[in-house]
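Enquirer: Protein chains in written order, with the numbering used here: chain G, 1 to 753; chain F, 1001 to 1119.
Be careful, since some hints might not be right.
[What the hints assert, rightly or not] As a list, the in silico DSS-like pairs of lysine-lysine whose alpha-carbon atoms are at most 27 Å apart:
(1) G:Lys-749 - F:Lys-1080
(2) G:Lys-217 - G:Lys-227
(3) G:Lys-84 - F:Lys-1090
(4) G:Lys-428 - G:Lys-482
(5) G:Lys-244 - G:Lys-228
(6) F:Lys-1080 - G:Lys-82
(7) G:Lys-463 - G:Lys-513
(8) G:Lys-307 - G:Lys-227
(9) G:Lys-83 - G:Lys-749
(10) G:Lys-31 - F:Lys-1065
(11) F:Lys-1080 - G:Lys-87
(12) F:Lys-1005 - G:Lys-722
(13) G:Lys-566 - G:Lys-605
(14) G:Lys-444 - G:Lys-428
(15) G:Lys-228 - F:Lys-1005
(16) F:Lys-1059 - G:Lys-55
(17) F:Lys-1005 - G:Lys-25
[Said to hold, decoys possible] Looking from chain F toward chain G, a few residues come up when the C-beta cut is under 7 Å (computed):
(18) Lys-1005
(19) Thr-1009
(20) Val-1014
(21) Lys-1059
Worth flagging that the hints you see were computed from the coordinates, not collected in a lab.
No residue lacks a Cβ here, since even glycine has one placed at the ideal position from N, Cα and C.
Listed below, chain by chain, are the residues.
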Amino acid sequence: MEKKTYKVVGMHCASCVYTVEKALKSVEGVKDAVVNLATNKATVTHTQEEAVEDKLAQAVTSVGYRLVSDQPFDGHTEDEEKKKELKDLKIKVVISLILGGLILWGSFPWIMDTAPKLLQNFYVQLLLAIPVQFWIGLTFYRAAIPALRHRTANMDTLVALGTSVAFFYSAFVTLFPYLLPVLPIGNSSLSTSFMPYFDVSTIIIGLILLGRYFEAKAKAGTSEAIKKLIGLQAKTARVVRDKKEVDILIEEVQVGNIIRVRPGEKIPVDGVIIEGDSSVDESMVTGESIPVDKTKGDTIIGATMNKSGTFLYKATKVGKDTMLAQIIKLVEEAQGSKAPVQRLADIISSYFVPIVIMLAIGTFVVWYIFGPSPSFLFAMLNMVAVLIIACPCAMGLATPTAIMVGTGLGANNGILIKDAEALELAHKVNTIIFDKTGTLTKGKPEVTDIISVNKLKENGILKFAAAIEKGSEHSLAEAIVKAAESKQLVVSAVEGFRAIAGHGVEGIIHGDKIILGNRRFMNRERVSMASVSEQISLLENSGKTVMMLAIDSKLEGLIAVADTIKENADEAISLLQKMRINVFMITGDNKRTAFAIAKQVGIKKENVLAEVLPQEKEKNVKKLQSTNYKLKPGLVGFVGDGINDAPALAAADVGIAMGSGTDVAIEVADIILINKDLRSVAKAINLSKKTMKTIKLNLFWAFGYNVILIPVAMGVLYPFAKILLNPIFASFAMAMSSISVVTNSLLLKRVKI
Amino acid sequence: MTVDKLLVTIGGIVGIIFTYWFFLMKKEKVVEVSGSVNIIVDGGYSPSTISIPAGKTTKITFLRKDPSNCLEEVVVPDFKIREFLPLNKKITVEITPKKTGKFGFECGMGMFHGSLIVQ
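Sequences are here, hints too, so could you generate the full structure?
Expert: Structure representation (structure tokens):
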């Protein structure tokens, strides 16, 4: 019998509840169905059957509603199943450790004298050990036996073998003690020393399961990032329909729906504001902590938080197309990919268990032949210790757990890593090429300087310039109009507007002839520029475009327009340079503009690649790669955002796209900075460094552990130092090794990048 | 060397050879698949080696019957897939290979392996 909750879409009254309940109850196998109108949920109790879910959905659809499985977009069922598993495991650990502890008390050399006589009885010990071996230990057999059928072996094979040897030997000694002297095992005169080792079989099972319990708990933490992202999703949306606002489930929102969002509410899906303005906290998606001001025409991202205003917006992306869903998909994909560093671990682990079994057999033979008396006992206990101490799981977990935590940490910081390989390669980058326009700079020209040369003041110059440029479509005109708007200047009407290609614009305001344009235009109109020629060349040398404003053939002022660098661009570059990364800039612009921008952000003149045609960016990347590989082993990264950057992003060892970039750039890049913050380039490299450090430490632990402790368990230290490994300690060490690897990966969460 | 020691030695050598042969010298049976395939996850993957066509989408449905947590995840690294497999529940992944070659899939800990041969 199984109880499950589904979402029901389309209910609006009490009679709907009845109809849906009736439909659900009519499905074969359903014992009970309860539908709740307030939560829009149906709780169905049905017999465990795979196809039942489809039938339920069909039944509900046939009466005009829709049944939505909770499955794809939240991890509830997975969580619940995990929780149940963990609870079961906990009970089993407690029982096996209690029973094992009692047996240990009654059989361990120094403490057994304090135990009640009953516990020292071998038959009682056998009775206590049976449930541990065959009920609790069933999980090992259940995994090992089908594996054997496939001719593969794993962790469980080793535990099943090791504990079975200890258990059946002990049972034999207990049940048939009279057979021991006649058997040719070891020195038969020492048959009195043939004691059962039920403590070994039971405690091993208890400790290994305890290890699994902690490992599973810790492992759940490694996938937390995804759960957190899924949890960000809003549950409902307030849609405007026929001038009325109705709350609907987020699954029902369609592209084109108009949605109202009030202060303090979560924005349900992606869209564009059509009315109102507000500031939006996008930190949960982009990692950017400062709220962003949004107004009509701005795009907004689903799952972000509306802070102050109320607004209406049109849904443009829903369901799996929203930015959040895309991010979740990317992170999931990255966590499913494999880091190249893992390959060695994979090869080793595919041979590991059979090799351990062979080593265990060898250990038995060598101890039996050369070991001290009672040689059979030494041989058996050391063989069990070898089987138990070997820990292939630690090797298997070393890389993926760190990758999962690393990619999750990146996502929390607005850095999306597309696959594990990129995360591994990024730390080897020693050269980074930045695209200029749109990446280092805002990509939109802005008014940078207004210089008054006559009576007219700065605002006046801007006012006239904006008035006359209003009709122009030139990108420089847009910058001037915007500057005037931001200063809230009221511009006058223009008569006789005319744009003269390659020169500028002219028009008449309040009867005065206004001209705005370049040097050529001024010369043509015979406007004297002698007094400001020095200032003009100064501005031009810093990469700015200068326009002159003249009223009635008299020069009034200069307006300089330039593509400005992004906030933090200089800091981002210096962060990288501090990491000893050689930073380049690439652009199609002329050298003068390129050098000016490079100077502002702190890139060396010799590292500026100017006047590069878009299609040649990729060539430049490859050229740098070939020289770079020769000089010192290092990789080349490329940071860009435009369509023309895509080939270069793909050619680079690590392509980094800005989240504001074009879809093509995002598609081919290895790392996406959704926070649009250039400083994240350094963060991404740092994250890669920290993750690789964790992986290397994990692999070192996992390999070192097996390489050192397997020989110890085999008894190589015995001839020199009389050191042997008790199988119980072996199981403890083995449980600890997996836990330590996972815990080490989790420590990565606390790292500041 | 006494008889028992001789027997243990012979038994040990046979055991080691058997282990090597049993686990490390098995031949994979390749199952040709077109469209969709069900893979039962129980102490490994059966079938474990499947051959799929390049350029077409193949639906691979995993059904995990093995309670061991070793097999609770299936990973197909080259296709960036990591799926949790709930016990006794079918989980389908879609793969559209572009290149031919041999690609592995495995459990979350890399203990159990299978492979996709793209032709």
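Enquirer: Honestly, which of those hints from before does the structure not fit?
Expert: 4, 5, 11, 14, 15, 17, 20 and 21
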